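Go by the hints and put chain B onto chain A.
2 protein chains.
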Amino acid sequence: MRTREAVLRAAGEAFAQNGFLGTSMSDILQRAGVTKGALYFHFSSKEELAFAVVAAQKAAVTRLAEEEAAKEVPPLQAVVATTTRWARAVQSDPVVRAGVRLVAEQGAYQRPMSRPYGQWEDVLTQLLQRAQDSGQLGEGANPREAAELIVAALTGATIVAQATHGPCDLPQRVEAMWQLLLTGLLPDGHKVFVLPRTLS
Amino acid sequence: MRTREAVLRAAGEAFAQNGFLGTSMSDILQRAGVTKGALYFHFSSKEELAFAVVAAQKAAVTRLAEEEAAKEVPPLQAVVATTTRWARAVQSDPVVRAGVRLVAEQGAYQRPMSRPYGQWEDVLTQLLQRAQDSGQLGEGANPREAAELIVAALTGATIVAQATHGPCDLPQRVEAMWQLLLTGLLPDGHKVFVLPRTLS
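Chains as they are written, first to last, in the UniProt record's numbering: chain A, 1 to 200; chain B, 1 to 200.
By construction, these hints were calculated from the structure, which means they are not laboratory data.
Please read all numbers here as calculations on a predicted model, not as lab measurements.
Every residue gets a Cβ at the ideal spot worked out from N, C-alpha and C, and that includes glycine.
Hints may be right or wrong, so weigh each one.
Just the calculated beta-carbon pair ranges, DEER-fashion [to be verified]: (1) R115/B to D133/A: 39 to 45 Å; (2) R2/B to E139/A: 49 to 55 Å; (3) Y40/A to M25/B: 30 to 36 Å; (4) M25/B to E48/A: 25 to 31 Å.
Same shape as in the complex, but just chain A:
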């Protein structure tokens, strides 16, 4: 199990930096410091590794959302907290960072990824639906469309940040995103901004 984790992490670092086509199995092997036999025991191809990195990133999203949803805060606050913690994970965790890049590199793979952004969108739609059900979502906002926008904005912010200065300013970008978006999501009169900065 430790070998698998070491390989996944090494693959995350390599994919985050050089993308799918710019990474070779021997790059990953070298970074992971494991034997070729050990690597191929866990992953039979570079594509299988890339899909495992994406699966790990999706699992991280689900885990973050579940943790925030369990806190019994208003659902909109759980959405903000989930995305804010995810932005920090993009900075600190190469597997999460690589997941974003690999998902964006559709066309590089032999087999298609199933619903590459679907699970992120589902998780946020559920929370936003709960917000709507409890009257905490503005009339103009649709849970599914809002979730799609949030996922697109997060994906784009990660890619822009990466291309510009590395992922270092992603949390500030996500905070600025919420400053603007919350006004659109909250019901009229609710001008209370839930600033990510104040969340643990």
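Positioned in the frame of chain A, the structure of chain B alone reads:
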């Protein structure tokens, strides 16, 4: 000049579909239907071609923004119209579509792209600054941060749409984005939504 255009368009189609590393000069040659000599007369390497595609995409953004700004509509409406027309260009113009993908593929190039998203952000910041100067921007909104969010959301929406169903639903995604964002950008009390659908 017609050869250069044919090569750029063929390169756009290939890069949009397969990315920078997944495209070869011979793919482009085959699509363009020009001789190898003609191609290399205009572009000495695949990287030079990719940078030319990105430059053409940036020029398209500037042209759209200038056209909309010249209409003397409220600046915020010019922002909405520019992004809406750009979303349609992503659908219809492989060079624009490829530009988005190539810019996102930083790390694949020998030399860095200069300010890959900077020009898009500058163009929108200027328009949003004009909106602010004429009292048409809400107090909570900052022109530069709003421009960064819009560029990130557009980039992300393009990548998500491409990975999911191709760019076919991008204009609807951009419209949904504005539904939510405009509430955050407009001053209090301005609940008039400038729907992209109604723009020419």
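How the hints compare with the structure:
no.: 1; hint: R115/B to D133/A: 39 to 45 Å; in the structure: holds (44 Å)
no.: 2; hint: R2/B to E139/A: 49 to 55 Å; in the structure: holds (53 Å)
no.: 3; hint: Y40/A to M25/B: 30 to 36 Å; in the structure: holds (33 Å)
no.: 4; hint: M25/B to E48/A: 25 to 31 Å; in the structure: holds (30 Å)
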